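Q: Let chain A serve as the given structure and place chain B on it in line with the hints.
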Amino acid sequence: MKILRDNELYSLVVLLMFLAVIPQFLSTYNVRLLSVGLLYGLAAVGFNILYGYTGLISFGHAMFWSAGAYGLAIGLVKLNLDPVLSILLAFTLTFIIAVVTGYLSLKHTEIYFAMLTLAFAQLIYALIIKLRDITGGDEGIYGIPRFPPDIEQYYYLVYMIVALLVLLAWWIVRTPLGLGFQAVRDNPYRAEALGMDVRRVRLISFVLSAFYLSVAGILYAPLNRAITPDIAFWTFSAIIVIMTIIGGSKNMFGAFIGGLIFIYINTQAMNLTEFWQLTLGIILALLVYLAPYGVVGIFDRVVEYVRGRR
Amino acid sequence: MDINLFIVQFFNALFFASILFLISSGLSLIYGIMKILNLAHGALYMLGAYVTFTVAILWLGMSWYSMLLAYLASILVVAGLGIFIERVLLKPLYNKPQDLQLLLTFALIFILDDIVKMIWGAQYRAFPKIPGWSIPVGDYQIPIYFILTVFIAIGVGLFLHWFFTRTTYGKMVRAISYSLETSSILGINTDRLFALSFALGAGLAGLAGGVAVPLYTASPGMGGDAIVLSFAVIVIGGMGSILGAFVGSLIVGFSRVFMAILFPVFEIALIYVIMAVILMFRPTGLFGMEMRERR
Chain A
35 MKILRDNELY SLVVLLMFLA VIPQFLSTYN VRLLSVGLLY GLAAVGFNIL
85 YGYTGLISFG HAMFWSAGAY GLAIGLVKLN LDPVLSILLA FTLTFIIAVV
135 TGYLSLKHTE IYFAMLTLAF AQLIYALIIK LRDITGGDEG IYGIPRFPPD
185 IEQYYYLVYM IVALLVLLAW WIVRTPLGLG FQAVRDNPYR AEALGMDVRR
235 VRLISFVLSA FYLSVAGILY APLNRAITPD IAFWTFSAII VIMTIIGGSK
285 NMFGAFIGGL IFIYINTQAM NLTEFWQLTL GIILALLVYL APYGVVGIFD
335 RVVEYVRGRR
Chain B
5 MDINLFIVQF FNALFFASIL FLISSGLSLI YGIMKILNLA HGALYMLGAY
55 VTFTVAILWL GMSWYSMLLA YLASILVVAG LGIFIERVLL KPLYNKPQDL
105 QLLLTFALIF ILDDIVKMIW GAQYRAFPKI PGWSIPVGDY QIPIYFILTV
155 FIAIGVGLFL HWFFTRTTYG KMVRAISYSL ETSSILGINT DRLFALSFAL
205 GAGLAGLAGG VAVPLYTASP GMGGDAIVLS FAVIVIGGMG SILGAFVGSL
255 IVGFSRVFMA ILFPVFEIAL IYVIMAVILM FRPTGLFGME MRERR
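Chains as they are written, first to last, in our numbering: chain A, 35 to 344; chain B, 5 to 299.
The shape of chain B in the complex, shown without the other chains:
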């Protein structure tokens, strides 16, 4: 392979992995703490993409400043929706069979897909161009936006690490994920922390959508692919582990991008082969803990 193409694809894979990390860290976080498999996580990602598109393109016109505002808007809107979903829709289901949570989050996919269609129409919404300039590499271009995205993903990773190891809230959230019962006996307000965790996870999905939309066009149903790849990521890395989501994203991102060039037949297939092999031999993933049923 031409070395320039290799470099471009390397950054391409890094970009894809960064997006995956932003989506799947939220998914993993929600699963790790609340033991809820949020099937609507992809739909939240889609919503984030539309919000950023609206703010940055339709309202403000593209600039770095408006991109930043658009990201903030995406995070706030989707996190707000997350709080609504957790407080109003999921809370009554905590003492019911777990299948019902699954059914509810699946119903949310249908609902959110159509709400997006109502507001933005069914057509695809694409950025006119990728924000920022590009670095030429031979005949190819690497958008500076790719590199910024990688920094955003790393920044978020470090923030989450700091949050979970250094802040009181973060420590309480981790305590909950070990044992809900003991934590509430010790006086932790588990109710409020559930809302916080879900909002944080949803906000990350919103940010992921915002960051992805300049490259990956916003369309209803774009969440369907994203969510299943995120499942692969968190299973490979280990459910509930941020480091796992990081490494898992890199594995999935790179295997997809490079397989697409080398052996297109296995572009997507390889990801699921890795996922299955990991599950069979190390079900807790590369960095995961033993999973427990919630009590």
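Bound-form chain A, shown alone:
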């Protein structure tokens, strides 16, 4: 069976098994960080549906993470809704924003598309800052309840959802729909000539990718117990792009591990020195030269080397 020879699936399964066991050996603080890592990984995977597989670079994906996080927090804290309705609110919000901004941004591709998504994301940021009554403005929203409250149990909740969605992403890009994304990425004119509605395929990819970011945001808000507008600022959109690139946009494993690696480097840098930004920046810069195709690029080279030796 072909599926048994898929290196990417093997890598994903091994990594996910590792992530299932590792919290047993970590402190509560580190389990919390690892949960954030899972969510960053999920965000990178979602972003990669659009970026690596559909060939569109969005500079505004922070808006979907924020739509999820703020949707849930507003539902739970400001409107006192029950969790199910709050999640529904978050999804509705994400869906509306994704369809509208996606439809409008996809008038263009490449840099114009990137700039349009940036404009919409900053617009949402500006509204979050100014609509104090709903969003809490600069201060954000505090006291978001977490269920289950225990951090390790919450980790496993996050883990299950993330594992499921990451494997789903692996599967989606192999379905006819996913192959459609790649056809549009590789040659939109040919895809069009073959009868595909290119803009619609891109829009589906955009909304699907937004859904992933939204789930990550929805899980992030209770994990952190508080959210601030930082998660809607352009720098966070940039971080989503950056972690996908450092992991490797070639496949979903690369994107997922990119999120985990980013959190790991970030945490280590913060623990090591007061000047963690400098450390993080230097490591990112070094990765540009040492691993231009991301961490999976290094894996591939190692695999090739080993095979070459045999």
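FYI, nobody ran anything at the bench for these hints, they're computed from the structure. In this text, all values refer to a predicted model and were calculated from it rather than measured experimentally. For every residue, glycine included, the Cβ atom is placed at its ideal position computed from N, Cα and C. There could be a bad hint or two in this list.
Said to hold, decoys possible - Subject to a maximum C-alpha distance of 25 Å in a straight line, what follows is the list of computed SDA-like cross-link-like pairs (lysine to any residue): (1) A:141 to B:39; (2) B:121 to B:219; (3) B:95 to A:327; (4) B:121 to A:316.
As the list claims (entries may be wrong) - Away from chain B, derived, C-beta distances all over 12 Å, residues of chain A: (5) 44; (6) 51; (7) 53; (8) 58; (9) 144; (10) 232.
A: Okay, now just chain B, sitting in the frame of chain A:
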């Protein structure tokens, strides 16, 4: 609205627009010529602010003379850093995927933010007072410094126009932005001109920081807001166009300052609405050319 307040806010908007023009003309120039979106441009602006603060306040004591020296220092330091960034860091990436340039300039934001913290500490650095006297308008004051800044911005705009249309270097740089390949076949040293363009763009960011710092306090991370507003400016005006950066700065400057008084909820939002609408219907901006991928 009270007419005096209107006048004051008018000059306020002009000042803000002038700063934006200085930042975004450099950003636009670098993009237009090298097709690099320099995310660290805001960080260079921040560095310019700190250098001017150091020279004018900490070293020399505030006077017009020291302000002038401080501006020069800002331009030189930041342009020098620009040459280093272009020659050492960006040059090896020209034949690689463009995402890597993006990643690198983003990493530079982290690095520069912390270097500034190392040298100047994390606290805000404010001028004790705005240089020069003020013109009273009713109950309000308009600092003469605002008007000087507007003249600096106009001067820089005219200089850039002269440079790109009248000097050999400027013409060669424009040739590169049309077609890198043809230009190098015709014997233009594209390598050196890339360094020159990046240094010029970075120097403008340095000057912008220097001019802004007496009003806008220097702080680590002050570049984050500046860069994204500059994106709005160059998208509205047209990437790679100096005239576009000029008009874009005025639009962004005025809409922000006047929205802050009239409809505070849309203070920042309106800018991005304009940006999005322009991109949708006229993606090349008001004065831009068709953008091409670099070969």
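Q: Run every hint past the structure and note whether it holds.
A: Tested hints:
Among the hinted pairs, residue 141 of chain A with residue 39 of chain B is consistent with the structure: their alpha-carbon atoms are about 21 Å apart, no more than 25 Å. At most 25 Å may separate the alpha-carbon atoms for a hinted pair to count; residue 121 of chain B and residue 219 of chain B meet this at roughly 20 Å. For the suggested pair residue 95 of chain B and residue 327 of chain A, the alpha carbons sit about 18 Å apart, so the restraint of at most 25 Å is met. Between residue 121 of chain B and residue 316 of chain A, the direct Cα distance comes to roughly 16 Å. Compliance with the 25 Å bound is thereby established for this hinted pair.
At the 12 Å boundary, the C-beta of residue 44 of chain A stays outside the reach of chain B, the nearest C-beta of that chain being 27 Å off. Residue 51 of chain A, annotated as away from the interface, keeps every beta carbon of chain B farther than 12 Å; the closest lies near 30 Å. At the 12 Å boundary, the C-beta of residue 53 of chain A stays outside the reach of chain B, the nearest C-beta of that chain being 26 Å off. The beta carbon of residue 58 of chain A is kept farther than 12 Å from every beta carbon of chain B, the shortest such distance being approximately 33 Å.
Residue 144 of chain A, annotated as away from the interface, has a beta carbon of chain B within 12 Å; the closest lies near 8 Å. Every CB of chain B is more than 12 Å from the CB of residue 232 of chain A (nearest about 18 Å), matching its label as outside the interface.
Violated hint: 9 only; the structure is consistent with all others.
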